[in-house]
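Work out the full structure: start from the sequences and follow the hints.
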Amino acid sequence: TELHIVHFNDVYEITPSSRDPVGGAARFQTVVKQLKEEYSALTVFGGDAFSPSVVSSVTGGTHMIPILNELGIDAATIGNHDFDFGMKAAVHLLEETNFFPWMMANVVDKEGKLLVGCVPSKLIDRNGIKVGLLGVVEKEWMQTVTCFPSGVQYLDQAETATKLAAKLREEGAQIVIAVTHSRSDNDAYLAKNAKGIDLILGGHDHDYYVHHVNGIPILNSGSNYKQLTHLKVTLEDSDDFSPDQMDIDVGKGTELVGPHVKFELNRFDITSDIEPDAKMEEIVKGVSDIMDKLKNQPLGTTESVWDARAEIVRTQESAVGNFVADLMRESYSADVGFLQGGSIRSNDTYGPGELTMGDTMKMFPFIDSTVVFEIQGCYLREALENGFSQYPKHEGRFPQLSGCWVVVDVSAEPGERLKDVKIGLAGSQEPLDDEKLYTVASKGYAMNGGDGFTSFLKKTRVIVDEENGLTSATLIRNEFLLNRVAYAFNRQKRVAAIVNSALNIFKSTVEAPDSPISLSAPQDKKKSVNISVEGRIKLIGTDNE
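Residue numbering for the sequence shown follows this note's numbering, starting at 1 and increasing by one per position.
If you're looking for bench data, these hints aren't it; they were derived computationally from the structure.
One thing to keep in mind: the hints can contain errors.
To be verified - In the DSSO-like style, the derived pairs of lysine-lysine whose C-alpha atoms are separated by at most 30 Å in a straight line are:
1) K362 with K393
2) K130 with K195
3) K130 with K88
4) K167 with K113
5) K262 with K163
6) K113 with K130
7) K252 with K36
8) K362 with K285
9) K232 with K163
10) K192 with K167
11) K538 with K422
12) K122 with K163
13) K130 with K33
14) K262 with K195
15) K122 with K139
16) K527 with K293
17) K139 with K459
18) K393 with K419
19) K295 with K285
20) K458 with K422
21) K459 with K538
22) K130 with K232
23) K295 with K252
24) K122 with K192
25) K167 with K110
26) K285 with K130
27) K252 with K232
28) K33 with K163
29) K122 with K33
Given below as structure tokens:
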């Protein structure tokens with residue numbers, strides 16, 4: 001008897017790209033349906049769907065609900081980005097994708113309970129084979145989830161998986177699969193140290209790869225609906241397997257042998273010659289139509305002007321730059337928020353009055369994930385010098401700062417313009433210490449040396465990387481929506497309205513005033529902000545002095 005499995009992970013963009021493999025949920029569904037119809041394949045997802053994307057910054061991830069439900073997933077492990085909009089939102093998102101279980105066994109609250117409705121494992125009978133699935137994640141991404149409550153505990157994934165594998169075997173499982181959301185080295189740790197696992201289906205990394213560690217295949221099936229893996233599994237004991245760690249180049253019909261299971265792996269790239277699935281295409285189109293409406297809904301109000309013009313954000317301290325740099329720093333408890341003015345793109349002004357999600361998307365139209373890294377003070381000083389080096393040109397490197405106060409003599413030679421640098425909040429600043437290590441919340445482009453920030457390449461370590469951080473648009477969205485009053489949720493009324501249509505799940509959620517993810521709360525409950533310039537950047541030696 002054979003078992004067939006479809007695996008995918010880390011899907012953010014539901015529409016196809018311009019070059020092959022184009023991806024897109026509709027073409028992806030065509031391949032999934034074919035494999036399910038032909039082989040009754042078990043469909044397993046490795047986490048990260050609800051964020052980040054431009055769409056998710058508006059919908060709070062709800063646009064993925066009908067898509068994941070339509071895919072017919074049998075089991076999934078939750079990913080770090082599935083928490084991007086807060087704990088209540090995560091509970092809601094998982095409740096609505098209720099056609100399949102979400103797993104995460106090794107992260108618990110202070111009372112030892114699993115988070116957001118996750119289950120530790122699932123036993124499924126498919127084609128006469130009892131399949132045990134368990135969900136574990138790595139420790140590293142826990143510190144990137146800003147909404148976890150205090151007291152959250154991490155349990156060693158190998159120890160947890162060993163206990164669950166034994167329990168699943170006792171319940172009759174003939175094959176045990178660990179579904180993970182971890183980097184490849186942590187999956188390798190699991191393969192080497194857990195007992196009773198036959199296969200690891202991963203997530204978190206966005207590359208397509210197959211490793212073979214201790215006789216256990218470790219799969220990562222790409223990202224963004226551009227790839228998937230089809231596995232044919234045969235129960236067969238063997239002593240002829242390699243205990244070494246190997247990288248496998250997977251094509252069609254690649255065979256791997258484990259202690260108790262033989263695998264045949266087939267990689268599928270989702271290319272433009274695949275006909276889109278009609279129903280999924282309709283769902284994707286429906287999401288796009290609703291998005292156009294949601295962009296114009298009020299997000300909150302501002303008592304002051306948000307001046308996002310290039311001539312402002314690229315030449316002087318700006319209120320909107322301060323606001324976003326503050327959100328970056330505060331969200332990750334960093335010492336300094338460092339946002340290049342060029343990250344703010346709309347070249348327009350907003351307010352006083354209503355702000356819409358569309359406004360924030362215009363200001364921050366890219367997936368500009370926040371990163372956090374540690375760096376010595378002398379190199380932070382060099383980065384600041386670089387940021388002011390091109391003034392008065394309207395260069396994108398001009399910094400918007402939080403937790404950092406500078407005096408800059410723009411009449412001096414580039415590289416010698418900083419006259420004073422202090423670190424800290426207003427009233428408690430201290431001079432920048434060249435020997436001290438500071439944590440900086442910034443953007444990946446700058447951290448990786450873009451715009452001349454080569455001194456950031458001398459960072460001592462990365463705490464939050466680009467795949468884990470929140471985007472600027474999401475930070476702004478969360479600041480307005482997650483801090484407002486939560487309204488009682490009349491679930492029965494809402495469920496009655498959506499039971500006949502997968503797309504209506506998304507539509508009713510984002511339009512309901514009582515939804516934890518809604519953009520349409522009563523106007524008197526909307527948050528109002530009053531952003532301002534505070535004297536964080538003092539320019540001297542200008543023509544205006």
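Now for the hints, and whether the structure bears them out:
1. K362 with K393: Distance of about 23 Å is within 30 Å: holds.
2. K130 with K195: Roughly 18 Å separates the two Cα atoms, so the pair holds.
3. K130 with K88: 34 Å, violated
4. K167 with K113: 18 Å, holds
5. K262 with K163: 24 Å, holds
6. K113 with K130: Distance of about 27 Å is within 30 Å: holds.
7. K252 with K36: The given pair, whose Cα atoms are some 18 Å apart, holds under the 30 Å limit.
8. K362 with K285: 21 Å, holds
9. K232 with K163: 26 Å, holds
10. K192 with K167: 19 Å, holds
11. K538 with K422: It holds: about 12 Å lies between the C-alpha atoms, which stays within 30 Å.
12. K122 with K163: OK: K122 and K163 at ~14 Å, within 30 Å.
13. K130 with K33: Status holds; Cα separation ~22 Å.
14. K262 with K195: 18 Å, holds
15. K122 with K139: 22 Å, holds
16. K527 with K293: 21 Å, holds
17. K139 with K459: At roughly 22 Å apart (the allowed maximum being 30 Å), K459 and K139 satisfy the hint.
18. K393 with K419: Holds. K393 to K419 sits at ~20 Å (cutoff 30 Å).
19. K295 with K285: Holds: K295 and K285 sit about 16 Å apart, inside 30 Å.
20. K458 with K422: 21 Å, holds
21. K459 with K538: This hinted pair holds, its Cα atoms lying about 26 Å apart.
22. K130 with K232: 15 Å, holds
23. K295 with K252: 43 Å, violated
24. K122 with K192: At roughly 23 Å apart (the allowed maximum being 30 Å), K192 and K122 satisfy the hint.
25. K167 with K110: Holds, at about 24 Å.
26. K285 with K130: Answer violated: K285 to K130 is near 38 Å, above 30 Å.
27. K252 with K232: OK: K252 and K232 at ~11 Å, within 30 Å.
28. K33 with K163: The given pair, whose Cα atoms are some 34 Å apart, is violated under the 30 Å limit.
29. K122 with K33: Holds, at about 22 Å.
Hint compliance for this structure: hints 3, 23, 26, 28 are not met, and every other hint is.
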